[in-house]
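Top line first, the protein sequences correspond to chains F and L.
Note that our numbering has the first sequence beginning at 1, numbered continuously upward.
Note that our numbering has the second sequence beginning at 1001, numbered continuously upward.
Read the hints as simulated data drawn from the structure, not as lab findings.
Treat the numbers as computed from the prediction; the structure is a model and nothing was measured.
Any given hint might turn out to be false.
Now the in silico label distances, taken between C-beta atoms and shown as ranges [what the hints assert, rightly or not]:
no., chain 1, residue 1, chain 2, residue 2, range
1, F, Arg75, L, Gly1121, 51 to 61 Å
2, L, Ala1110, F, Ser521, 15 to 25 Å
3, L, Glu1111, F, Gly643, 50 to 60 Å
4, F, Gly653, L, Gly1121, 20 to 30 Å
Heads up, the beta-carbon is just placed ideally off N, CA and C, and yes, glycines get one too.
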Amino acid sequence: MLGKKKAVVGGLSALVVGALLAGCPPKKEAVKTQAVGTDAASKVYVPPGKYDEFYVFFSGGFNGQVTVYGVPSGRIIKVIKVFSVDPETGYGFSPETKPMLMTSHGFLPWDDTHHPWLSQTNGEHDGRWLFINANATPRIARIDLTTFETTEIIEIPNTAGNHPSPYGTENTEYVVAGSRFSVPVPQKDVPIESYKENFKGVISFIKANEPGKMDVAFQILMPGFDYDLARCGRGPSHGWCFFTSYNTEQAHTLLEVNASKNDKDFIAAINWKRAEECVAQGKAKDMPATYYHNYYDEKKHMAASEEKKSVKVIDPKDCPGVAYFLPTPKSPHGVDVSDDGEYIVGGGKLATVIPIHSFSKMLKAIEQKAFEKEIEGIPVLKYDAVLHCELEKPCLGPLHTEFDGKGFGYTSCFVSSEVVKFDYKGCKVVDRAPTYYSVGHLLVPGGDTKKPYGKYLIAMNKITKDRQLPTGPELIQSAQLYDISGEKMQLIHEFFTIGEPHYAQAIVADKIKDKIKKIYSLAENEHPYAVKAEKDARVERKGNEVHIYMTMIRSHFVPDNIEGIRVGDTVYFHVTNLEQDWDIPHGFAVKGSEEAELLVMPGQTKTLVWKPKAPGVYPFYCTDFCSALHQEMQGYIRVSPAGSNVPLKYYTGTPPTAQK
Amino acid sequence: MRKFFLVVPLVSLFLSCQQKPAEKPVEASPPQPTQVEKKEEAVSDKGIGPIQEVQLGPIDQALAKKGKEIFDSKCASCHKLEEKYVGPPLKGVTKRRKPEWIMNMILNPAEMVQKDPVAKGHLAEYPIQMPFQDVSKDDARAILEYLRSVDEK
């Protein structure tokens, strides 16, 4: 509700902006409303044919995918398929990709993506991979940035609501996961009212530095709070990761009220190097747990699933020094570490201040045992002993902070719909800019690394009414681009985003664009049903299974006439795209298909499974406009009644004599 | 499309309100004429592309065999030897064209069909633009050897 009220106020200022655009600029209002500057167009205009400066990866939120934009133009350039099926490409439909979405709960067609995180080396983006979390059924995915394809997914056991994730470490040693919803660990049938007694939080560290080898290295058993967001340290604080918690009240109903009572909740500081020692010393327990690891082999063009049965769990009581609590006002949301690794900013969403902790003071407080109390084996440090300062009256509803490398932090404020810029050492606000409206996350390119690029800030807004042509009850979300190169933040662009982007990360294009793969090598294609030359295309029957080894090239299929299929058969179209030229995918669709379609990239093989239900002749065709004769890229498959003895026959061009 | 909503009003703002002629908003750079209008090089019968000179000797059977394998995988989808298919029949091509032309057509098809008069003529007759099939110079040389071996028979 608060957000909506503010939206109305913001709406009025938007009207002023509108008036400004319609006539000549009344200069004072222009300053007062932080309107789009008059030179904004030239700052975001990237001429057709020219490249943008940054790739920006937005989570898709409830659409389960990742969307890629060029910035500053705000042009959309790709949707990456991650946790939701995609009928357009066959992701999650084809037998090659179905294993990617396997979990201990079976095949899941959907999830909720929140936080993209770019891999780092020495605390800087290295352009190798993007990781992203699934919130509903806890998982983390790896996306390869040479192909922009999801290549690996690991499920996180003992966890529910994987929100503080994946936020990795400065050499991508680990990505992390945590319970936003504490649950019984291990799961069991208990009364919900026994929350305090039975429910636990779990924080996980997942090995991430080797493709195909993602694994839950260890989990840390935590009190049954809600673990909300995370950031790992860098530079001096490398070796530590920080997690916010709320609901330290341990409510299990009406959290809106019941989890907002305590003045302070906690930031949990986890010493993962200490955890590694404890694992090495045998202090972690092996707990039975079922979870899946799915890996896509790019040469085989095929994914496989592996079921894991056990996980290492550390109880902080058995591993002193692995975890500490930093008291933090009030129901903190974001926790963000400055580029120098020293300052830890909590986004106390119900607080009237932004608390900034000091990492070096935290180490000293641990050394001096400046503890207030202990909770389940975890010492609670004294607030004053770890606090660097409280930023007074910053805004309402502070959530997330990123850094520009020049000594300033930028915090998004949901309730007052604004971004505040502050000097985090001197502890004072130096600028503020409105957002339209109700900003959630924000990003500065490289703003979570040792070397932020600065230059831009993107605010991701939850409410956009009156910002674009109305489209019925459901409205799209927005991103707003600010120039932060000067003293004052300047709004220069607004573009609209798919799904509900929670967070996004930006990387300078040069770190990725020259490593992009343009085709898959046909010679290296190891798919068991690949055909690398038209002369090898064929149809084979094995009982009720018919395997069609089919090729595609501009602009024909081999074979394109197929007979001898019977009702009751399962037909596998294994289609290989023989092209070895960039930007020439072919599509494959057949009438009556229950498995969507395929888009097959050059050199790739994919399979569509088709179960014809009635006799007749069915067309198939290419769905991706491929050449001047694309409309001619079609074929027929004849289906005869069950038990029919129409012989198997297939060809392109000249009909052969019947085979068998 | 959406960004027009933002850009168009801003441009009109420039036009209507600035006293001095505003600095021109950056325009899309006009099509670069340099490439196209560069003095049309006298087109040689060697075609256009990376191959300037090929030395031919007696047919190297091993190379021709390798060339046939590449041809079957990357070319045969569109080219038959005796009949018109997606592309022209290739029997006799080594008698009709210079070896350099053949290799340039394999290695640089996009530019060839725009600039080489013979290749241009083919595009009118066979409307599928010949794709580059990620063939290396060595592979193209092997394909040439295969086509020579066909024409020797």
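*F:Arg75 versus L:Gly1121 beta-carbon gap, inside 51 to 61 Å or not*: violated (39 Å)
*Range hint compliance [Cβ, F:Gly653 to L:Gly1121, 20 to 30 Å]*: holds (25 Å)
*Is it true that L:Ala1110 and F:Ser521 lie within 15 to 25 Å of each other by Cβ?*
holds (20 Å)
*asked:* Holds or violated: the 50 to 60 Å window for the beta-carbon distance between L:Glu1111 and F:Gly643?
replied: holds (57 Å)
Hint violations for this structure: number 1 only, all remaining hints satisfied.
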